[in-house]
Structures are given as C-alpha cells and as structure tokens.
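> Here is how the chains run, residue by residue.
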Amino acid sequence: MNKTVLGGSAALLILGIASVSFPSPWAWLMPVLVTTAWLSVVVKKKEAVLPLPEPCPSLVPEPLLKEVTRVEVREVLPAGWSEDMHRYRASLEILQGLKNLVVTDTEGAVVRLTESLFTLVTNSKDVSLHIGKSLSFLTRQDSGLGKTLGNLEEQVAVFDTLNERFSQLKTTLASDIQALTKVVGSINQFSQTLSDLADQTNILAINASIEAARVGIHGRGFAVIATQVQALAKNSKEISDKMASTVRDVVGHVETSFDRQTQRIRESEKLIQDSEKGLRQWADQVAPQLAEVESTIDESRQLASTVTEQLGQVTVSLQFQDRTRQILDHMGQILHDISQRLILSSGLEKSPIPPEQKIQAYEAASRWFTVREEWGLVPGVVPERSKAVELF
Amino acid sequence: MGKTILCIDDSTTIRLLVRKTLEPLGYRVLEAEDGKVGLDVAAREGVDFFLVDVNMPVMNGFECVKGLKALPKYVGVPVVFLTTESSDDKKALGRQLGVSGWMVKPFEADSLAKIVRMLAG
Chain C
31 MNKTVLGGSA ALLILGIASV SFPSPWAWLM PVLVTTAWLS VVVKKKEAVL PLPEPCPSLV
91 PEPLLKEVTR VEVREVLPAG WSEDMHRYRA SLEILQGLKN LVVTDTEGAV VRLTESLFTL
151 VTNSKDVSLH IGKSLSFLTR QDSGLGKTLG NLEEQVAVFD TLNERFSQLK TTLASDIQAL
211 TKVVGSINQF SQTLSDLADQ TNILAINASI EAARVGIHGR GFAVIATQVQ ALAKNSKEIS
271 DKMASTVRDV VGHVETSFDR QTQRIRESEK LIQDSEKGLR QWADQVAPQL AEVESTIDES
331 RQLASTVTEQ LGQVTVSLQF QDRTRQILDH MGQILHDISQ RLILSSGLEK SPIPPEQKIQ
391 AYEAASRWFT VREEWGLVPG VVPERSKAVE LF
Chain L
329 MGKTILCIDD STTIRLLVRK TLEPLGYRVL EAEDGKVGLD VAAREGVDFF LVDVNMPVMN
389 GFECVKGLKA LPKYVGVPVV FLTTESSDDK KALGRQLGVS GWMVKPFEAD SLAKIVRMLA
449 G
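So the protein lines, in turn, are chains C and L.
With the first sequence counted from 1, adding 30 to any position gets you the working numbering.
With the second sequence counted from 1, adding 328 to any position gets you the working numbering.
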C-alpha cells in the first residue's frame, strides 16, 4: 500500500475523530492542513511530478480545495522546463567532455614538445662540442696547425739567412777571383822577367863565345863556359815559358770553375727566393683562415650557450599549460556547482536524461564542432580519419 | 648512483620538466601523479628529496606531506612545495607542516636545480 493511500486514510480518520470529538469549524481545518503539509513534503521528494491524490470533494470545502490546487501548481514544473533541464544536463556532459579533451590534447602536445626541445638542445650541445673538438687541433698553439704555422715562419726566416750567406759567398768568390787574377798577373810578370833574363843571358853567352873565339887558344875555357851559360839560358827560357803556360792553364781552369760556382750560387739563390716567396704566400693565406676557424668555434660555443638560455625561457612557457588546465578545471567546477543547484532545485538530478533531449543537446553543440576529436564525443559517431594532405 | 628525487604532481608536463631538468645533473627522478601514489612510492623507495604539488586529485599536497613527515625514515628529508599557489596562508600551512621551501610555478630550470643542489646535495 503506497504512502498516498495511507496518508489519505490517516487524514480521513483524524477528520472523523475530530468531528466527533471537537464539533467546531477548526476540527474540519486540522486534518486538511495536515494532509496539505504532508502532501507538499511528498511532492518535493518525488522523483517525477506525480499527480497529487485527488482530495475527496465532498469532505473538503470549496475554498480549501482551491488552496490545495494552488499548492499543486506551485510544485509542478512549467511546461517544457523539464525538457530544457534535461538538455542542459546533456550539454553539461558535453562541456565536461570538451574540457577533458582540451586538457588531454594540450598536455599531450606539450609533453611531446618538451621531449623534442630537450632533445634538440642536447643535440645542439653535442654538435657544438664535436665542432670544437674536431677543429681545436687546428688552432692549438702547442701542437696543432698553429704550431706548424709558427714553424713555417721560422723556416722562412732561415731562408732569409741562407740568402744572405749565399750573397756573402758570391761576394767572397768574386774577391777571391780578383785576388787570384792579381797573383797570376804577378806570376806572369815574373815569368816574363825570367824569360827576358834568359834572353839577355843568351845574348851575353853569345857575346862571350865571340870574344872567346877572338882571343884564341887562351879563350877556349871561356868559350866552354859561354856555351854552358847559353845552354842554361835556353833551359831557363824553356822553364819560364812552361811555367807561364801552366799558370795560364791553371788560371783558365780556376776561372771556369769559379764561373760555374757563381752560376750555381745564382741559381740556388733564385730557388731559395722563390721558395721563400711561396711559403710566405701560404703562411699569409693560412693565418687568416686559422683565425676564421677559431672564430667559428667561438661562435658555435656561443650558439650552444644561447640555446641553453633560451631553453630556460621555454621551460617557463611550457608550464603555462598546467596553469591553463587548472583554470579550466576551476571553470568546470564552478559551472558544475551552479548547475547542480539548478538541477537539484528542479528535482531532476536523479532522472535519466531522455534520449530525445540528449540528441537535441548533441545536435545543438555539434553545430560548433570543427575538430575531429570533438565529434568523437558524440555517442555512436566514429569520426573518420582524414588524410593529412589531399589533392583535388 | 646520485640522490633520488620524488616529484609528486598531477601534471604530466611538470613531472617531465622536472625530470628533464634534474636527470642530466645526475639525479634519479621518480614520479607520482597524486598524494596517495606519492606516499606509496615513498614507502617503497628511498627518497632524498621531495617536490610536491598542492592541488591534486585523490590526496592533496598538504595531506601527502603530513603522511611523509609521519614516516620515520623521512625525518629530516627536505620537502619543497612546487605549486601555482602563492597565498600567505597556504605558505604558513606549509611552514607548519615543516617543509623546507615553497616554489611557485612556472619555475625556471636553473632555480630548481639550485634549490635541489642546496637541499639535497
């Protein structure tokens, strides 16, 4: 037996007892008031708008009957309100779904971005280190190309010294030849003198022979001496001529040799000068290139440092997603609280949302949908995965 | 093996940033998505430093820290709140609970590294 019937029966019983016990107008009012109060409590607690139990018209006076009717009207939702309320509840579910979608999607994107950024920074640092390592041997002053360049410059300086010494050698050689020529001249002079002397001695010897012959027997010994002197003069002249000839030969050889040496020295000087010139040119080209390499290494290091600094700023920016998520949650919570009060006051909080209201809510919301995942919230809808690129 | 840090935060992004900041410095970083999971991890592992968010589902940061401070093996182990909250009353509550510091999000990687180095070694 339900509460309505029980309540109505209890009211009638009280009415009956009152009419017997208290024969006054208040006796009629009391049970009606009790019944009305009870009914208002029941209506508020009911899951759906239940029709009030029909009061018995014969027992309730007309004015009181109207009072009950007014109470009933106040407790009944206006026409269409329940449908709107159900649609509102369905829309709230959609909003919650969208909020969760936003939070999940952005969190996923930020996580992937974070991973990529940190990988990028690590790679950038590695590249910078690798560049520095690979090129540092070129610029090291104690063992790299820098040292080689230094050695090269030292060698160029040695070439300068060599050039100087060759030049001195050439000068010395020239002065030696001059001295030799002078000596040979002297020898030739001596040789000529010797030859003249021999000629004169020969003439003397001839004169002596002539005088010896004029003297006769007493001049024979003198004639012999004259003959020998003549022979001696002849020998001296021959020796003198040979000496002159030999000296001429030797001088000729020495002059030829000196000329050859001088030519060789000249050629060597040219070679050294050409090499020195080439080395200087090479050194002049390498030095700025080395400086360029050093500058590149420095720039690379600075770039890696800048990337690390930028990462610090990016780290801060990435955390705004978390703040946004919290704010979204708070918005959702506020909306939920307000909505709950509204729904509770309607008495529909435990009623299942009728399918037609759900459909209407999704239809209204989906007018705004543009993202594939939004369509995923609609029950029964499997959004198609579209191609990333489509050509028409 | 370096010191162990436990990051208790319901945001995946924050936990990832903490990990990316501290792991290259030689720390071992553990994660928990709420206070209750954080207490479970703390009970199971040996942690040298706690980074705790305040607003989390299931169990918030204050409740979690109360639980941590009640564990004998974590007496004296530093706890720092890492949170978007910055009100004085919340900070006062943190001080009462015995935390070692209060970091407001968004944090800078350098600042986090400095604090961890200072408090955890």
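If you are wondering where the hints come from, they were derived from the structure by calculation, not from laboratory data.
Check each hint, because a few of them may be wrong.
Straight-line alpha carbon distances no greater than 27 angstroms define the calculated DSS-like cross-link-like pairs of lysine-lysine that follow [claimed, not checked]: (1) Lys331(L) / Lys348(L); (2) Lys394(L) / Lys442(L); (3) Lys401(L) / Lys155(C); (4) Lys394(L) / Lys433(L); (5) Lys397(L) / Lys163(C); (6) Lys300(C) / Lys200(C); (7) Lys394(L) / Lys419(L); (8) Lys331(L) / Lys397(L); (9) Lys155(C) / Lys397(L); (10) Lys155(C) / Lys419(L); (11) Lys348(L) / Lys433(L); (12) Lys129(C) / Lys380(C); (13) Lys433(L) / Lys364(L); (14) Lys401(L) / Lys418(L); (15) Lys364(L) / Lys397(L); (16) Lys433(L) / Lys129(C); (17) Lys331(L) / Lys129(C); (18) Lys442(L) / Lys419(L).
Computed footprint of chain C on chain L, listed as stretches where at least three residues anywhere in the stretch have a Cβ under 8 angstroms from a Cβ of chain C [unchecked claim]: (19) 357-364; (20) 398-407.
Quick caveat, the model's predicted, so the values are computed rather than measured.
Using N, Cα and C, we set each Cβ at its ideal position, and we do this for glycine too.
> Work down the list of hints and note, for each, if the structure agrees.
These are the hints, each one checked on the structure:
Proximity of Lys331(L) to Lys348(L) is assessed by CA-CA distance (about 15 angstroms); at most 27 angstroms being required, the pair is judged to hold. Distance check on the hinted pair: Lys394(L) and Lys442(L) sit about 25 angstroms apart at the alpha-carbon level, within 27 angstroms; holds. Restraint check for Lys401(L) and Lys155(C): the C-alpha separation of about 40 angstroms exceeds 27 angstroms, so the hint is violated. Among the hinted pairs, Lys394(L) with Lys433(L) is consistent with the structure: their alpha-carbon atoms are about 22 angstroms apart, no more than 27 angstroms.
Distance hint between Lys397(L) and Lys163(C) is unfulfilled; the C-alpha atoms sit about 49 angstroms from each other, more than 27 angstroms. Restraint check: the Cα-Cα separation between Lys300(C) and Lys200(C) comes to about 13 angstroms, which is no more than 27 angstroms; the hinted pair holds. Only pairs whose Cα atoms come within 27 angstroms are accepted, and Lys394(L) paired with Lys419(L) is accepted, the gap being roughly 15 angstroms. A distance of roughly 19 angstroms separates the Cα atoms of Lys331(L) and Lys397(L); the hinted pair therefore holds under the 27 angstroms criterion.
For the proposed pair Lys155(C) and Lys397(L), the alpha carbon gap of about 41 angstroms is over 27 angstroms, so the pair is violated. Straight-line distance between C-alpha atoms of Lys155(C) and Lys419(L) comes to about 39 angstroms, which puts the hinted pair past the 27 angstroms bound. Among the hinted pairs, Lys348(L) with Lys433(L) is consistent with the structure: their alpha-carbon atoms are about 16 angstroms apart, no more than 27 angstroms. Only pairs whose Cα atoms come within 27 angstroms are accepted, and Lys129(C) paired with Lys380(C) is accepted, the gap being roughly 23 angstroms.
For a cut-off of 27 angstroms, the pair hint linking Lys433(L) to Lys364(L) stands: about 22 angstroms separates their Cα positions. Pair hint Lys401(L) plus Lys418(L) holds up; C-alpha atoms about 26 angstroms apart against a cutoff of 27 angstroms. With a C-alpha separation of about 14 angstroms, the suggested pair Lys364(L) and Lys397(L) falls inside the 27 angstroms cut-off, and the hint holds. Simply put, Lys433(L) and Lys129(C) have alpha-carbon atoms about 22 angstroms apart, close enough for the 27 angstroms limit, and the pair holds.
In summary, the hint linking Lys331(L) to Lys129(C) is not supported, as the alpha carbons are separated by about 38 angstroms, beyond the 27 angstroms threshold. At roughly 21 angstroms between alpha-carbon atoms, Lys442(L) and Lys419(L) fall within 27 angstroms of each other, so this suggested pair holds. Only residues whose beta carbon comes within less than 8 angstroms of a beta carbon in chain C count, and the stretch 357-364 of chain L has 0; fewer than three means the coverage is violated. Proximity of the stretch 398-407 of chain L to chain C, defined as three or more residues with a beta carbon under 8 angstroms from a beta carbon of that chain, is not established by the 0 residues found.
Against the hints set out earlier in the document, violations occur for numbers 3, 5, 9, 10, 17, 19, 20.
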